[in-house]
Every structure is written in structure tokens, then in C-alpha cells.
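> Sequence:
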Amino acid sequence: MDEEEVQLWQYLAADGTQHGPVTADDLQALAAQGVIHPETEVWTEGLDQWVPATHVEGLLPPAAAAGHHPTLLTGTVAPPAGAHPIEPVHPTPGAVPAAPEGVPAAAADDGSYPPTPVQRASFGKFLTFLILGIVLLAGAPLVGIATMPDDPAAAGETATPALALMALGGGIGLILLVMAVVMPLTFLHRAWKLLQWGAPRTTPGKAVGLLFVPFFNLYWLFVAYYGLAKDWNRTMESFPDLQPGPRISEGTALGACICLLIPGVNVVGVILLLAHYSQICRGINFMAERAMHQVRAGGIHLY
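Residue 483 is where the sequence shown starts when you use this note's numbering, and the numbers rise one by one after that.
Since the hints were derived computationally from the structure, they do not count as laboratory data.
Ideal Cβ positions, reconstructed from N, Cα and C, are used throughout, including at glycine.
Please note: incorrect hints may appear among the correct ones.
Said to hold, decoys possible - The list that follows gives simulated cross-link-like pairs (lysine-lysine, DSS-like), each with its CA atoms no further than 25 Å apart:
1. Lys675 with Lys607
2. Lys712 with Lys688
3. Lys675 with Lys688
4. Lys712 with Lys675
As the list claims (entries may be wrong) - Cβ-Cβ distance ranges computed for the label pairs, FRET-style:
5. Ala511 with Met774: 23 to 29 Å
6. Ala649 with Gly606: 49 to 55 Å
7. Ala649 with Ser731: 37 to 43 Å
8. Asp497 with Ile616: 44 to 50 Å
9. Leu743 with Leu609: 21 to 27 Å
10. Leu624 with Ala681: 17 to 23 Å
11. Glu771 with Lys712: 19 to 25 Å
Please take these sequences and the hints and turn them into a complete structure.
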């Protein structure tokens with residue numbers, strides 16, 4: 483079987499946590515080990531909802547799986563005659579909340595929000611890179627000029643070290659500024675990814691990518707930042723286990739978007755945007771710590 487035809491599966495543990503993706507062969511091995519039970523819910527691309535393991539023919543022993551069900555394609559044996567393969571299903575928008583990597587959302591049995599492992603976000607590191615980058619990029623020419631001698635006759639002997647110092651400082655400053663531009667975009671992507679179980683208005687990729695579309699980004703700025711604050715707060719309120727989590731100020735986000743578009747008050751917009759990113763980082767770190775507790779407790783596996 484070609485690589486593009488490999489069927490990948492997800493499954494839900496007894497406590498409602500999601501595991502996968504795994505191949506069909508691995509899923510069969512888990513069933514043989516007793517990890518997959520008849521009541522275990524599984525999902526693969528083409529299904530519009532999670533289904534019990536008993537609905538997948540060939541996954542469980544014949545005694546546990548009754549009736550005619552979709553065939554589990556392992557790539558090692560041909561589907562039995564008369565089996566009904568799973569037909570691709572395209573759910574209507576909004577019918578099933580989007581989940582990480584396109585998996586339909588399924589809350590745990592106790593109504594808790596499914597934990598999503600995510601890297602912590604350091605606002606302090608971002609701010610350090612930003613300040614150092616500006617200082618080095620702006621200060622390197624001044625330092626180079628200051629090291630030049632007043633005597634034109636001696637200028638030739640010191641010009642090369644001065645230029646080297648300017649180039650080194652400016653180069654380091656430029657690298658730090660590039661990192662300071664990229665880091666908040668990764669924060670934005672992580673925050674939207676964490677909301678994918680809560681039926682957000684957009685995906686992480688669109689939230690960041692459409693900010694680079696000329697003219698359209700004037701509108702999308704409000705979706706990516708103000709929309710994030712609204713969806714984040716709604717999700718925090720909707721799940722009992724998330725209610726102690728930090729909120730993102732909708733007023734700060736809206737003010738940042740408006741001020742960034744008005745000439746003369748752009749600096750205010752930048753300051754508000756920095757405050758907005760600080761709140762985003764606090765939210766990401768709350769969710770990251772929550773997922774880490776699940777890992778320590780064995781409730782979720784990193785994959």
C-alpha cells in the first residue's frame with residue numbers, strides 16, 4: 483500500500499483523553515493488549531463523529547464485534563467480501579467543533595476541557611529580544627562613530643575595527659529583532675490551537691497566515707486578536723475546569739487593533755498589543771501547566 487493510503491486512527495481512553503494518531507496495525511495491537519475495549523471510541527479521517535470500537539470491523543475479536551461494520555484497513559489483508567468501507571463524510575461547518583489536526587472535538591465524560599500539550603510562552607524572553615535588538619541595531623552605528631579618531635591621518639588604521647564593530651552589533655541586533663517579530667506570532671498560533679476544542683471562529687494557521695495578506699489584514703487584525711480574546715474568554719467560562727484560568731482583556735485587544743490603524747496613535751497601539759501578548763502568554767502557560775499535570779498523572783500521552 484502506498485504511503486498516502488495509510489489509515490491513521492485516534493482513540494479515546496476511559497477517562498476521555500485522546501490518543502493517536504496510530505496506524506490500523508497499532509490499533510489492532512492495542513486491542514489485543516486490552517487497551518482498546520468494545521466501549522472505546524475511535525475516529526479516523528472520513529468519519530464525522532467518534533464511533534465505538536465495535537463499529538470497526540476487524541478491530542476487535544469476532545465475539546466482541548457484531549454485525550456489519552466499516553472495515554479496518556490494515557494494509558496487510560484484503561477487505562473481506564461484502565464488507566462496507568467507510569465513505570468520506572464532509573460535515574457541515576459548525577456541526578462538529580474543529581479539533582487539533584482536524585479531529586472532531588469530544589469532551590471528557592466529566593465535561594472537562596481536553597488537555598492539549600503545548601510549549602510554554604515566555605513574554606520576558608520576547609521583551610528581552612525586542613529591547614536588545616532595538617538597542618544593538620540603533621546603537622551599533624553610534625558606537626562605531628564614537629570609536630573613530632578625530633585625526634583624519636589615523637582614521638585609516640581604526641576604520642576597519644570600527645566598521646567590524648558596527649557590522650557585528652547591527653547583525654546581532656537584526657537577528658534579535660527578527661526573533662522578536664516571530665515569537666509573538668508563535669504565541670498567537672499556540673493560543674488559537676488551544677481553543678480548537680471550543681469551536682473557535684478560525685484555525686491557528688489562518689489566524690496567523692491571513693495577517694500577511696495586504697489590505698485584508700486590516701480587517702483580519704480584529705479577528706486574530708480581538709476574536710481571540712472573545713473566544714478565549716467564552717471557552718474559559720464554558721468549561722468548569724477552565725474557569726480558574728486567566729482571561730484575555732477584550733478591551734485591550736480591541737484598543738490595540740484600533741490604535742494600530744490610526745496614524746499618530748500607533749505607539750499606543752503597540753503598547754496595548756504588548757499588554758495583549760502578555761495576557762496571551764499567561765493563558766498559554768496556564769494551559770501548558772494543566773496539560774503537564776495530566777502527563778504526570780498518566781492521563782494523556784505526548785505524541
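> Taking the hints in turn, state whether each one holds.
Results for each hint:
no.: 1; hint: Lys675 with Lys607; result: 21 Å, holds
no.: 2; hint: Lys712 with Lys688; result: 17 Å, holds
no.: 3; hint: Lys675 with Lys688; result: 11 Å, holds
no.: 4; hint: Lys712 with Lys675; result: 15 Å, holds
no.: 5; hint: Ala511 with Met774: 23 to 29 Å; result: 28 Å, holds
no.: 6; hint: Ala649 with Gly606: 49 to 55 Å; result: 29 Å, violated
no.: 7; hint: Ala649 with Ser731: 37 to 43 Å; result: 42 Å, holds
no.: 8; hint: Asp497 with Ile616: 44 to 50 Å; result: 48 Å, holds
no.: 9; hint: Leu743 with Leu609: 21 to 27 Å; result: 24 Å, holds
no.: 10; hint: Leu624 with Ala681: 17 to 23 Å; result: 52 Å, violated
no.: 11; hint: Glu771 with Lys712: 19 to 25 Å; result: 23 Å, holds
The structure shown violates the earlier hints numbered 6, 10.
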